[in-house]
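S.K.: As a plain string of letters, each chain reads:
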Amino acid sequence: MYEAVAFYFFSAITLGMFSVTVLSRNALYAMSSLAGGMVFISGFFFLLDAEFLGVVQIIVYSGAVMALYTFGMMFFDTTRDVQERITGKKTIYTLAILSALLIVIIVAAPLWGAHLEAIYPMGAASSNVQSLGLVMFTHYLIPFELSAVMLLVAMISGIVLVSRRMDSSITLSEEADLKEDL
Amino acid sequence: MITLTHYLVVVGFMFAIGLVGILRRKNLLMLFFSTEILLNAANVGFAAVSKFYMDLTGQMVAFFIIAVAASEVAVGLGLLVLWYKRTGSIDLDSLQIMKG
Numbered sequence: 000m001y002e003a004v005a006f007y008f009f010s011a012i013t014l015g016m017f018s019v020t021v022l023s024r025n026a027l028y029a030m031s032s033l034a035g036g037m038v039f040i041s042g043f044f045f046l047l048d049a050e051f052l053g054v055v056q057i058i059v060y061s062g063a064v065m066a067l068y069t070f071g072m073m074f075f076d077t078t079r080d081v082q083e084r085i086t087g088k089k090t091i092y093t094l095a096i097l098s099a100l101l102i103v104i105i106v107a108a109p110l111w112g113a114h115l116e117a118i119y120p121m122g123a124a125s126s127n128v129q130s131l132g133l134v135m136f137t138h139y140l141i142p143f144e145l146s147a148v149m150l151l152v153a154m155i156s157g158i159v160l161v162s163r164r165m166d167s168s169i170t171l172s173e174e175a176d177l178k179e180d181l
Numbered sequence: 000m001i002t003l004t005h006y007l008v009v010v011g012f013m014f015a016i017g018l019v020g021i022l023r024r025k026n027l028l029m030l031f032f033s034t035e036i037l038l039n040a041a042n043v044g045f046a047a048v049s050k051f052y053m054d055l056t057g058q059m060v061a062f063f064i065i066a067v068a069a070s071e072v073a074v075g076l077g078l079l080v081l082w083y084k085r086t087g088s089i090d091l092d093s094l095q096i097m098k099g
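Chains S and Z are the protein sequences, given in the same order. If you count by numbering that gives the first Met the number 0, then the first sequence holds residues 0 to 181, one letter each, in order. If you count by numbering that gives the first Met the number 0, then the second sequence holds residues 0 to 99, one letter each, in order.
Because the hints were derived from the structure by calculation, they are not lab data. Built from N, CA and C at the ideal position, the CB exists for glycine as well. It cannot be assumed that every hint is accurate.
Stated by the list, open to error - Quick look at which bits of chain S chain Z covers, simulated, 3 or more residues with Cβ under 8 Å:
| # | stretch |
| --- | --- |
| 1 | 20-31 |
| 2 | 52-61 |
| 3 | 128-134 |
Claimed, not checked - Think about it this way: if two alpha-carbon atoms lie no more than 27 Å apart in a straight line, the pair counts; the simulated DSSO-like pairs of lysine-lysine are:
| # | chain 1 | residue 1 | chain 2 | residue 2 |
| --- | --- | --- | --- | --- |
| 4 | Z | K98 | Z | K84 |
| 5 | Z | K50 | Z | K98 |
| 6 | S | K88 | Z | K25 |
| 7 | S | K89 | Z | K25 |
| 8 | Z | K98 | S | K88 |
| 9 | Z | K25 | Z | K84 |
In isolation and in its complexed conformation, chain S is listed as follows:
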């Protein structure tokens, strides 16, 4: 009963928040509601006994990613409403809903067809964090290290792209050099 109430509450509120994100004309409102939606998504994870994933969701998404967006939005003019030329609304909605349904069905189809066996079953005795760490540092060690390298590369590229010579534009000067060469 308690689980059902929590599930319906979280699903209603996340879907509402994400709808505001998608439909809002103001970038600031969109970002705030996206941050709220991220926090409530972590509620799903806690319901699903994935405590570690829920904590990571709050720290990484609501903390790091939304802070990055906030810093990024300092470069843009966000006080104005977003001006957009939107054409063919009905086609867009039909296409989006149909293809989303199709993708979810395609991905979830093996669940109904075959009898799935757990490769790394959850240990009944140990906690979620413990069993997750055991699997991650034994079977998923190489993807883990690769994702660490990927995060490092992304961090360096972010620093290089944004912060080098903040007063002048890199691409414009390169384009000018290119034109001189031509």
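Position chain Z relative to chain S; hints supplied.
M.R.: Coordinates of chain Z only, in the frame set by chain S:
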């Protein structure tokens, strides 16, 4: 009693919202927001399957998806800031440089 189907239906709705955003918005920042919604929907789906099949693989995949999303934001936002400095616009139509 909440079953896997409940979760998958909600994930489907969430994914549809994200796709509507990607198809409808012309602002590149909004496209990034919609991408985050899509990734989150996939995460919830993986965690749900992971719970109802008592398998940790889904949670691992969701964990790596979060890492990918974080680096995607770092690189994408850097490129977006560069593009805004160059053209003064983050509209999707400003990316269209071929005339035809």
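S.K.: So, for every hint listed, does it hold in this structure?
M.R.: Evaluated hints:
1. 20-31: holds (count 5)
2. 52-61: holds (count 5)
3. 128-134: It holds, with 3 qualifying residues against the three required.
4. Z:K98 to Z:K84: holds, 22 Å
5. Z:K50 to Z:K98: Not OK: K50 (chain Z) and K98 (chain Z) at ~51 Å, beyond 27 Å, violated.
6. S:K88 to Z:K25: holds, 13 Å
7. S:K89 to Z:K25: holds, 16 Å
8. Z:K98 to S:K88: Cα-Cα ~25 Å, so holds.
9. Z:K25 to Z:K84: holds, 18 Å
Checked against the numbered hints above, the structure breaks only hint 5 and satisfies the rest.
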